Amino acid sequence: MLSRFAPAIFVVLWSSGWIVAKIAAMHADPLTFLALRHALAALAFALVAQGAGAAWPASRRLMLHAFICGVLLHGLYLAGLWWAIGQGVPAGLSGIIAGLQPLLTALFAALLLRERLRRLQILGLLLGFIGILLAISPQFSAVRETGLSGSALPLLINLAAMVSATLGTLYQKRHLGGGDLRTIAVWQYLGAVAVTLPLALGFEALRFDATLAAIASMAWSVLCLSMGGVGLMLYLIRRGEVSRTASLLYMMPPLVAVEATLVFGEPMTAPMIAGTVIVVAGVYLVNRSA
75 MLSRFAPAIF VVLWSSGWIV AKIAAMHADP LTFLALRHAL AALAFALVAQ GAGAAWPASR
135 RLMLHAFICG VLLHGLYLAG LWWAIGQGVP AGLSGIIAGL QPLLTALFAA LLLRERLRRL
195 QILGLLLGFI GILLAISPQF SAVRETGLSG SALPLLINLA AMVSATLGTL YQKRHLGGGD
255 LRTIAVWQYL GAVAVTLPLA LGFEALRFDA TLAAIASMAW SVLCLSMGGV GLMLYLIRRG
315 EVSRTASLLY MMPPLVAVEA TLVFGEPMTA PMIAGTVIVV AGVYLVNRSA
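All you need for this note's numbering is the position in the sequence shown, starting with 1, plus 74.
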C-alpha cells in the first residue's frame with residue numbers, strides 16, 4: 075500500500091515546503107529557521123527511533139556516511155536555495171535551475187551508479203524539463219526584460235545548491251542502502267545543523283518572532299517536511315532508482331503554482347496549466363514499470 079501511494083504523498087508534502095517557506099520568511103531569518111528546523115527534526119527522529127527500539131548505525135563509517143549525506147541533501151541544498159531567493163533570485167529562474175536536477179541526477183546515476191535508462195524514461199525526462207520551461211516561461215520573460223544585475227553570485231549559489239542536492243541523492247543511494255531510516259535520519263539532520271547553524275550565527279540576526287504563524291510553519295516543516303517528506307524520499311530512493319525519484323521533482327513547480335494560487339491568490343496562467351500536463355506525462359513515462 076505504501077509503495078503505491080508514496081510518490082503522490084511525497085509530491086504533495088514536498089511541494090508544500092515552498093508555501094511554508096514564503097510564510098516563514100515573514101517571521102524569521104531563513105538560515106536561522108533552517109538551523110532550528112534541522113535541530114528539531116534530529117531530536118524528533120531520535121525520540122521516535124528510541125521509542126520504537128530502532129537499531130542505530132552499526133559502525134562509525136555508516137554514521138559518517140549519513141552525516142555527509144545530510145550535509146549535501148539537507149544542509150547545503152536548502153541553505154543555498156533559501157539564501158539565493160532571499161537575495162533576489164526570481165522564483166521562476168530558480169525553478170528553471172531546480173528543473174535541471176532530475177536530468178542531472180539521471181545522468182550521474184547512469185555514469186556513477188550504472189543505472190540503465192530506457193528510451194521512454196529518457197523521453198519522460200526531456201518532457202518533464204520542457205514542461206518546467208513552459209510553466210515558468212512568463213516569469214522568465216519578465217526576468218529577461220528587467221535584467222539580472224547584481225544576481226550573479228546568488229545564481230551561482232542557487233546552481234551549487236541544486237548540484238548539492240543531486241550529489242546527496244546519489245550519495246544516499248550508494249552508501250546508505252542498509253540500516254534503519256529513522257536513526258540514519260538523525261545523523262543526516264545533525265549534518266544539516268553543522269552547515270546551517272554556523273551560517274546563521276555568522277550572517278544573520280537570528281530573528282524568529284515566535285508568533286503563531288512562525289510556530290505553525292516550524293511544526294509543519296519538522297513533522298510533515300523533515301520527517302514525512304524526507305522520510306518518504308529516502309524510502310523511494312532505497313526501493314528504486316534515484317532517477318525515478320528525482321523525476322518526481324518535476325512535479326513541484328507546477329504544483330506549487332496551484333497551491334500558491336489557492337493560498338496567496340497568485341495567478342494561474344495558461345503556460346502553467348499546459349506545462350503541468352506535459353510534466354505529468356513525463357513523470358509517468360519515467361516511473362512506468364518495465
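Everything labelled a hint here was simulated from the structure, so no lab data went into it.
All values reported here derive from a predicted model rather than from experimental measurement.
There's no promise every hint is true.
[Said to hold, decoys possible] Below, simulated SDA-like cross-link-like pairs (lysine to any residue); rule was C-alpha separation at most 20 Å, straight line:
1. LYS96 with TRP157
2. LYS96 with ARG313
3. LYS96 with LEU359
4. LYS96 with TYR245
5. LYS96 with PRO228
6. LYS96 with LEU286
Verification of the supplied hints:
no., hint, in the structure
1, LYS96 with TRP157, "holds, 13 Å"
2, LYS96 with ARG313, "violated, 32 Å"
3, LYS96 with LEU359, "violated, 32 Å"
4, LYS96 with TYR245, "violated, 29 Å"
5, LYS96 with PRO228, "holds, 18 Å"
6, LYS96 with LEU286, "holds, 15 Å"
Consistency note: the structure conflicts with the earlier hints numbered 2, 3 and 4.
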